[in-house]
Amino acid sequence: GAGVSQSPRYKVAKRGQDVALRCDPISGHVSLFWYQQALGQGPEFLTYFQNEAQLDKSGLPSDRFFAERPEGSVSTLKIQRTQQEDSAVYLCASSSWTGAYEQYFGPGTRLTVT
Amino acid sequence: LAKTTQPISMDSYEGQEVNITCSHNNIATNDYITWYQQFPSQGPRFIIQGYKTKVTNEVASLFIPADRKSSTLSLPRVSLSDTAVYYCLVGPQGNTGNQFYFGTGTSLTVIP
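As you go down the protein sequences, you meet chains A and B in turn. Per my numbering, the very first residue in the first sequence carries number -2; after that it's consecutive. Per my numbering, the very first residue in the second sequence carries number 198; after that it's consecutive.
These are computed hints drawn from the structure, not numbers from a lab. Glycine included, each C-beta is placed from N, C-alpha and C at the ideal position. Among these hints, one or two may not hold up.
[As the list claims (entries may be wrong)] So, partial list: chain B residues that the calculated Cβ filter (under 10 Å) puts toward chain A:
#1 Q235
#2 Q246
#3 Y284
[Claimed, not checked] Per the computed footprint, the stretches of chain A lying under chain B, defined by three or more beta-carbons under 8 Å from a beta-carbon of chain B, are:
#4 31 to 40
#5 101 to 111
Given only the sequences and the hints, what does the whole structure look like? Please build it.
Structure below.
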C-alpha cells in the first residue's frame, strides 16, 4: 500500500509569509507525528495526534506553529509569519495503535525562508 | 526521557559486519530500544526494536545486555547502500510523542 506522503516537497517562503504543509498518513494509522529536522541534526519532535486529538504539542517552538488533523486522517502543519530560523525539513510520521515506536515517515517538506 | 549516546561517525569496508553501540544509562524498566536508518533527503526508516537479549530480523540484529544500559545494532555484510545515518531511540511503548528523541545519530560510511 501507499506510504506516508507529504506536500509540497519543497517550499520557499519570504520572511513573514504563512505556509501550510500537508501530510497524508498511511490509511488506518491512528497516530501522527510532526518533526523538524535541521541540517546535520536528528529529527526533533514537534507535535502528536491520536486520531483527531492533539495529545502533545510540547515541541512546537512558538505560537506561530499550529497543527491540525480535523478528521483524524490528513494533517496540516501551519507556520505563520515565517522566520529564517524556521528553515528546515519538516517530517511527518504515522503509526498503528500498538506500535507507536515503529513509525513510518514521509519524505519530508524542505522549507527555505528567505 | 532516556537520552542516548552514539558515536558520531563510523567507516567500514564493504562486506564487513558493522556494530554500532548506543549507551542509555538511564533506561527505564518499561523502555524499549528502537533503531532507525536515514538516507539523505528521506525520512527515517524503522530497522529493529527490542527489549532485552537479542532480536534479529531480515536486515539486522539487536543485542541488549542484561543491564540494558547499552545496545548494539549489528549489520551483517554491509554494502555501499548501507551508507546512512543510524539513530538509537529509547522510550516506552505507547502513544506519546515527546519521548522520541533522535539525537544526532551515527553516520556510517561504507567504503568499497
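Each hint tested on the structure:
Checking B/Q235 against chain A by beta carbon gives a least distance of about 8 Å; that is within 10 Å, so the hint holds. Taking 10 Å as the C-beta contact cut-off toward chain A, the hint placing B/Q246 at the interface holds, the least distance being around 6 Å. Here the hint on B/Y284 is kept, as its CB sits about 6 Å from the closest CB of chain A, short of 10 Å. Counting residues of the segment 31 to 40 of chain A whose CB lies closer than 8 Å to any CB of chain B gives 5, which reaches the minimum of 3, so the coverage claim holds.
Counting residues of the segment 101 to 111 of chain A whose C-beta lies closer than 8 Å to any C-beta of chain B gives 5; at least three are required, and the coverage claim holds.
Violated hints are absent here; each numbered hint is respected by the structure.
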